[in-house]
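Chemist: Build out the structure end to end from the sequences listed, making use of the hints.
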Amino acid sequence: MQDKITRIFKAIADPTRRDIFHALVIASSTLSISQISNQFEITRQGVTKHIKTLEEAGLVDIERKGRERFCNANATPLKEINKWMKFYEQFWDNSLDNLDDYLDGKLS
Amino acid sequence: MKDMITKEKIFKHSIETVWNAISNGKELSTWFIQADFKAEKGYHYTFTSDEDGCVPITGEIKSADPYTLVYTWIVEGTNTETTVSWVLETIPGGTKLYLEHSGISKYEGETAVTMFDSFNGGWDNCTNKLVSYLKENVHAG
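Quick note, the sequences are listed as chains D and X, same order. Convert by adding 266 to the 1-based position in the first sequence; the result is the number in our numbering. Convert by adding 52 to the 1-based position in the second sequence; the result is the number in our numbering.
Be a bit skeptical, because a hint or two may be false.
Claimed, not checked - Restricting the straight-line Cα-Cα distance to at most 25 Å, the calculated cross-link-like pairs of lysine-lysine (BS3-like) are:
#	chain 1	residue 1	chain 2	residue 2
1	X	Lys148	X	Lys59
2	D	Lys349	X	Lys61
3	X	Lys93	X	Lys59
4	X	Lys93	X	Lys64
5	D	Lys276	X	Lys59
6	D	Lys331	D	Lys318
7	D	Lys352	X	Lys148
8	D	Lys349	X	Lys93
9	D	Lys352	X	Lys61
10	X	Lys114	X	Lys61
11	D	Lys345	X	Lys93
What the hints assert, rightly or not - Between beta-carbon pairs, the in silico distance windows are:
#	chain 1	residue 1	chain 2	residue 2	range
12	D	Asp359	X	Gly129	17 to 25 Å
13	D	Lys276	X	Ile143	33 to 41 Å
14	D	Thr309	X	Met56	46 to 54 Å
As the list claims (entries may be wrong) - Sample of chain X residues with no beta-carbon within 10 Å of chain D, all distances over it, derived:
#	residue
15	Asp55
16	Ala73
17	Gly77
18	Glu79
19	Tyr95
20	Ser115
21	Val139
Think of the hints as simulated: they come from the structure by calculation, not from any bench. For glycine and all other residues, C-beta sits at the position ideal for the given N, C-alpha and C.
Modeler: The structure is reproduced here in structure tokens:
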């Protein structure tokens, strides 16, 4: 559990993986490794490696049909991080506004 | 998406005034959160509050040389150590603050959501009370 969000960050830190993930999010259906490979001009091996990292982060679900693997994006894990980021964004905005008020009030 | 929150804010006050506000325990207790805080490297501080729902925050001062203040930030009930740093810079007419909060990705997945829900509003509550206090007492003066 400890490493779950760390894995998500690691997965989306790489620009190619972000692009692959994005392509899967906007795809109307699941994409096979071959389809991704053609779209990004990366070797099957390269795509497989990226997909594995995304799968480990929980961002991609893989369905195996015969010899081919079909990938589907899962954006749910991103929501957890987003929640924390949003919370602290708001918290620091409020706090710095307080600091501003405090400084102005103190010197008036 | 970055594992970091950064804020910049300009204050129309001297660097010394802003430094005191962010590094002096008594001043922090007024505008931020009730604090047992000393800007000394190695000091273990506590941000706490008597109000219900205010989860204490603890940490250690890593650096406190004017005008850079860095400390770890651990929310009670989590084992996650994040880092908060405040850097001040004199600019014409005032002081610029750079605030950075890093390591947020280290929060545990599902626990994070639970924790978040449990103190969502909690901290706001802590600080908002201070704002009303300031408005009633300090601003009036």
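Chemist: Of all the hints numbered above, which does this structure not satisfy? Sort the numbers upward.
Modeler: 4, 8, 11, 14, 15, 16, 18
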